[in-house]
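Next come the chains, spelled out residue by residue.
2 protein chains.
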Amino acid sequence: MDAFEAIFTRRSTRRMSSDLPPMELIEKVIEAGRAAPSGSNSQTTHFIVITKREVLTELTKLVQAEFAKMEVGPDTYVSLRNSITASKAGRYYFHYNAPVLIVTANRIGYGNALADSACALENMMIAANALDLGSCWINQLRWLTDNEAVRAYMEGLGLADNEYITGGPILG
Amino acid sequence: MDAFEAIFTRRSTRRMSSDLPPMELIEKVIEAGRAAPSGSNSQTTHFIVITKREVLTELTKLVQAEFAKMEVGPDTYVSLRNSITASKAGRYYFHYNAPVLIVTANRIGYGNALADSACALENMMIAANALDLGSCWINQLRWLTDNEAVRAYMEGLGLADNEYITGGPILG
Numbered sequence: 000m001d002a003f004e005a006i007f008t009r010r011s012t013r014r015m016s017s018d019l020p021p022m023e024l025i026e027k028v029i030e031a032g033r034a035a036p037s038g039s040n041s042q043t044t045h046f047i048v049i050t051k052r053e054v055l056t057e058l059t060k061l062v063q064a065e066f067a068k069m070e071v072g073p074d075t076y077v078s079l080r081n082s083i084t085a086s087k088a089g090r091y092y093f094h095y096n097a098p099v100l101i102v103t104a105n106r107i108g109y110g111n112a113l114a115d116s117a118c119a120l121e122n123m124m125i126a127a128n129a130l131d132l133g134s135c136w137i138n139q140l141r142w143l144t145d146n147e148a149v150r151a152y153m154e155g156l157g158l159a160d161n162e163y164i165t166g167g168p169i170l171g
Numbered sequence: 000m001d002a003f004e005a006i007f008t009r010r011s012t013r014r015m016s017s018d019l020p021p022m023e024l025i026e027k028v029i030e031a032g033r034a035a036p037s038g039s040n041s042q043t044t045h046f047i048v049i050t051k052r053e054v055l056t057e058l059t060k061l062v063q064a065e066f067a068k069m070e071v072g073p074d075t076y077v078s079l080r081n082s083i084t085a086s087k088a089g090r091y092y093f094h095y096n097a098p099v100l101i102v103t104a105n106r107i108g109y110g111n112a113l114a115d116s117a118c119a120l121e122n123m124m125i126a127a128n129a130l131d132l133g134s135c136w137i138n139q140l141r142w143l144t145d146n147e148a149v150r151a152y153m154e155g156l157g158l159a160d161n162e163y164i165t166g167g168p169i170l171g
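Chains as they are written, first to last, in numbering that gives the first Met the number 0: chain A, 0 to 171; chain B, 0 to 171.
Chain A on its own, in the form it takes in the complex (with noise of 0.2 Å):
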């Protein structure tokens, strides 16, 4: 696909199919987010590509867990509110099912940190789109970055102590 239709065609898109998609076109994505330029050229963003649909699912319930026990307030960011109201409901999908992950890290104290995964997240959306699939940048997990359970959780899955959740994009 020509850059300009990837770059102009790219839409957030939270509906998609349930389906794994091929390995090779999930390594594409993540071989542009490696792309994306870094302050001083540091490439310290890190990817966790979550695949396998019983981590998402627990990952799910962890994060509706926490959202629930969180309030809304008057200055709270209209994202933020959502997620946490549909929360308590007991019907919150953060990543909205899609098959595939990425949770995007950065170094703790990195003042460039969310600025590089940024960097990263939209060369690996028009990625995406370029191949036909689609994708969405996920904040939820950025927000609970601090949050201990959910920390923990990401530990298991790679994240190191000198780093916090930037983002992520899903895709499917």
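Note that these hints are calculated values from the structure, not bench results.
Fair warning: there could be bad hints in the mix.
In this list, chains with the same sequence are indistinguishable; a pair is considered to hold if it fits within one copy or across any two.
[To be verified] As a list, the in silico SDA-like pairs of lysine to any residue whose alpha-carbon atoms are at most 20 Å apart:
| hint | residue 1 | residue 2 |
| --- | --- | --- |
| 1 | Lys68 | Tyr91 |
| 2 | Lys51 | Asp74 |
| 3 | Lys27 | Val77 |
| 4 | Lys51 | Val71 |
| 5 | Lys60 | Lys87 |
| 6 | Lys87 | Asp160 |
The model shown is predicted, which means the values in this text are computed figures rather than measured ones.
For this one, chain A is given, so just place chain B on it according to the hints.
Then chain B, alone, in the frame of chain A:
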């Protein structure tokens, strides 16, 4: 250019011709930036496009003067350290004398400001590459966004009271 070629061959370019690229190419790059996703589709990234050589020269002198007043500490980020050292030596061109500088800004207090602008930046850098233009993320004005003199100058170019500088690419 193919999307993957544009993604994989993009490089941070710091040496470029001083000739102003055709306006329609610059506009196409900005259009690509505007096509980036944003949190809750807020679309609040503001693109301030500087192509006048005298403005770039003034801004370059101002940036050098302000960095020259700063001191390097043991924990100063390597690029910021270089900016300060070169500025004190009177030989600092923060935009590498590129003919175009696009400054991105976004809302103060908006949690997705930097992430949204970074996605827009990555789109612009991929688009530039697809148009055979060089580009590089310039972070110096972000570091100086709270500097009184730089802020006043940028407000003269359109930066709003409720915005801060998130970064921006050079093009050429």
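For each hint, the structure was consulted:
With identical chains, the CA atoms of Lys68 and Tyr91 are at most 20 Å apart within one copy only, with a shortest distance of 13 Å there and 51 Å across copies. In the homo-oligomer, the alpha carbons of Lys51 and Asp74 never lie at most 20 Å apart, since the shortest distance is 36 Å inside one protomer and 41 Å across protomers. For a Cα distance limit of 20 Å, the shortest separation of Lys27 from Val77 qualifies neither inside one copy, at 33 Å, nor across copies, at 32 Å. Taking identical chains as interchangeable, the C-alpha atoms of Lys51 and Val71 are never at most 20 Å apart, the minima being 32 Å within one chain and 47 Å between chains.
Taking the shortest Cα distances, Lys60 and Lys87 sit within 20 Å of each other inside one copy (12 Å), while across copies they are farther apart (55 Å). With identical chains, the CA atoms of Lys87 and Asp160 are never at most 20 Å apart, being 30 Å at best within one copy and 38 Å at best between copies.
In summary, the numbered hints that this structure violates are 2, 3, 4, 6.
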